[in-house]
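Could you fit the two chains together into a complex? Lean on the hints.
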Amino acid sequence: MRLTVRYFAWVREKTGLGEELVDLPENVRTVADLIVWLKTRGPEFESAFEKSDVIRAAVDQTHVGHGTPIAEAREIAFFPPVTGG
Amino acid sequence: MIRVQQEDFDIGAEIALLRADRKDTGAIVTFTGTVRDTANGEAISEMTLEHYPGMTEKELERIEAEATARWPLQSSLIIHRYGAMKPGENIVLVITVSAHRQAAFEAAEFLMDYLKTNAPFWKKEAGQDGGEWVDARESDDNALKRWETPHKAAE
Numbered sequence: 001m002r003l004t005v006r007y008f009a010w011v012r013e014k015t016g017l018g019e020e021l022v023d024l025p026e027n028v029r030t031v032a033d034l035i036v037w038l039k040t041r042g043p044e045f046e047s048a049f050e051k052s053d054v055i056r057a058a059v060d061q062t063h064v065g066h067g068t069p070i071a072e073a074r075e076i077a078f079f080p081p082v083t084g085g
Numbered sequence: 086m087i088r089v090q091q092e093d094f095d096i097g098a099e100i101a102l103l104r105a106d107r108k109d110t111g112a113i114v115t116f117t118g119t120v121r122d123t124a125n126g127e128a129i130s131e132m133t134l135e136h137y138p139g140m141t142e143k144e145l146e147r148i149e150a151e152a153t154a155r156w157p158l159q160s161s162l163i164i165h166r167y168g169a170m171k172p173g174e175n176i177v178l179v180i181t182v183s184a185h186r187q188a189a190f191e192a193a194e195f196l197m198d199y200l201k202t203n204a205p206f207w208k209k210e211a212g213q214d215g216g217e218w219v220d221a222r223e224s225d226d227n228a229l230k231r232w233e234t235p236h237k238a239a240e
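If you read the protein sequences in the order shown, they are chains S and U. Just so we're aligned, residue 1 is where the first sequence starts under this note's numbering, counting upward by one. Just so we're aligned, residue 86 is where the second sequence starts under this note's numbering, counting upward by one.
One thing to keep in mind: the hints can contain errors.
[As the list claims (entries may be wrong)] Under the rule of at most 30 Å between Cα atoms (straight-line distance), these lysine-lysine pairs were calculated in the DSSO-like manner:
no. : chain 1 : residue 1 : chain 2 : residue 2
1   : U       : Lys209    : S       : Lys39
2   : S       : Lys14     : S       : Lys51
3   : U       : Lys209    : U       : Lys108
4   : S       : Lys14     : U       : Lys143
[What the hints assert, rightly or not] Stretch-level coverage of chain U by chain S, calculated; a stretch enters the list once three of its residues show a Cβ under 8 Å from a Cβ in chain S:
no. : stretch
5   : 89–103
6   : 119–129
7   : 132–140
8   : 206–217
Simulated from the structure, these hints should not be mistaken for lab results. C-beta: ideal position from N, C-alpha, C; glycine also.
Looking at chain U on its own, in the form it has when it is part of the complex (with noise of 0.2 Å):
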């Protein structure tokens, strides 16, 4: 399931969501990405996401579509915030659960690798000296490579 909102999401609430009463799970994981208050050693008093409404949607679930075709995931959870936002904030959720712990772990990596390098969102940041705009990392690019041969998990 993926969600793309202003608001900001309880993570308990969601993962006590997606749980439900399903007792054959057996492995949970859960990662939040969270607003920093500096950028290159200067302190950051908002940031903002600017989205492409329709394909946010559209490329998440394509993401999560291929996360769940190479791992054996029982549920997913991918829940991206946009607007404006204050360092401490919640950004975005990924929740993935399965049988066993490896391919939760694996598949919660994948889903965040794919969506920093694919989901149409954009960071402003406010800091001392007005808006800039983040620049994408050529790290977040050299982490796709790891994804590039199928993993196939531990059953």
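Same shape as in the complex, but just chain S (with noise of 0.2 Å):
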């Protein structure tokens, strides 16, 4: 399955990228195992997901939690708790 992957604020830094076209294997269907997927990419994927408790997930443009399917998923996006205002 494919989609895209955003990356925001100090994610994106320590991933060294803002956005990506990621082709999932079939058993990648909840953010949390997006996540695991991800980290197993390389060492700067390891240390940006190192606190994964801490990271913020949306699908679509939509806030959810890591339990959530992306089967339908068109985009991901990984970034901090947010702090505008």
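See the structure below:
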């Protein structure tokens, strides 16, 4: 399954990427699965997702929990807790 | 209405636009968030706001729709800037318009509390030791709790 993954703030700085198109293996079914898979791709990803419980996720621009299934997703984003306002 | 933009805004002009020619308004509440020149006792020379284009608009619209559902608002406006800003500059503007003040005051506070915890913006502060990402505050998460039971403002 192919989708866009976006990274923001210090997650973006650690991965070195703002966005990428990924081809996910069949067994990646939830946001949590995706984080596990991303961490296998290199030390930058290991570092970015080291404290994965702090990292927030959005599927198709809506906040979701890590247990959310990603089967229909077109875009997934990872970022620290927001600090606007 | 919501706007996400790089440029500064003129508070007076925005209030005037929102009021338009309406005579049935009784209360207009305005909140402006600005860049402070210190953080944790250290001087800040510049602040940069990163955002998630698309999701920022979607979240602000969602937050505004929730406020409109919970309070009798005649209109409202959220403007949030992104990009580089200096101490003293405007960051965010919230205006709520209602017949009576309770709804306008409460909705404005609600919008800010929700914006602080949901709108996808991230602040980076540049001080003497380079740039640092601002940490989210527990107090902002706690501020949300008071809105858990929907308030009904007196008409």
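So, going through the hints one by one against the coordinates:
1. U:Lys209 / S:Lys39: 25 Å, holds
2. S:Lys14 / S:Lys51: Satisfied, since the Cα-Cα distance of roughly 12 Å is no more than 30 Å.
3. U:Lys209 / U:Lys108: Violated - the C-alpha atoms of Lys108 (chain U) and Lys209 (chain U) are around 42 Å apart, more than 30 Å.
4. S:Lys14 / U:Lys143: 26 Å, holds
5. 89–103: violated (count 0)
6. 119–129: Since 0 is below three, the answer is violated.
7. 132–140: holds (count 6)
8. 206–217: holds (count 4)
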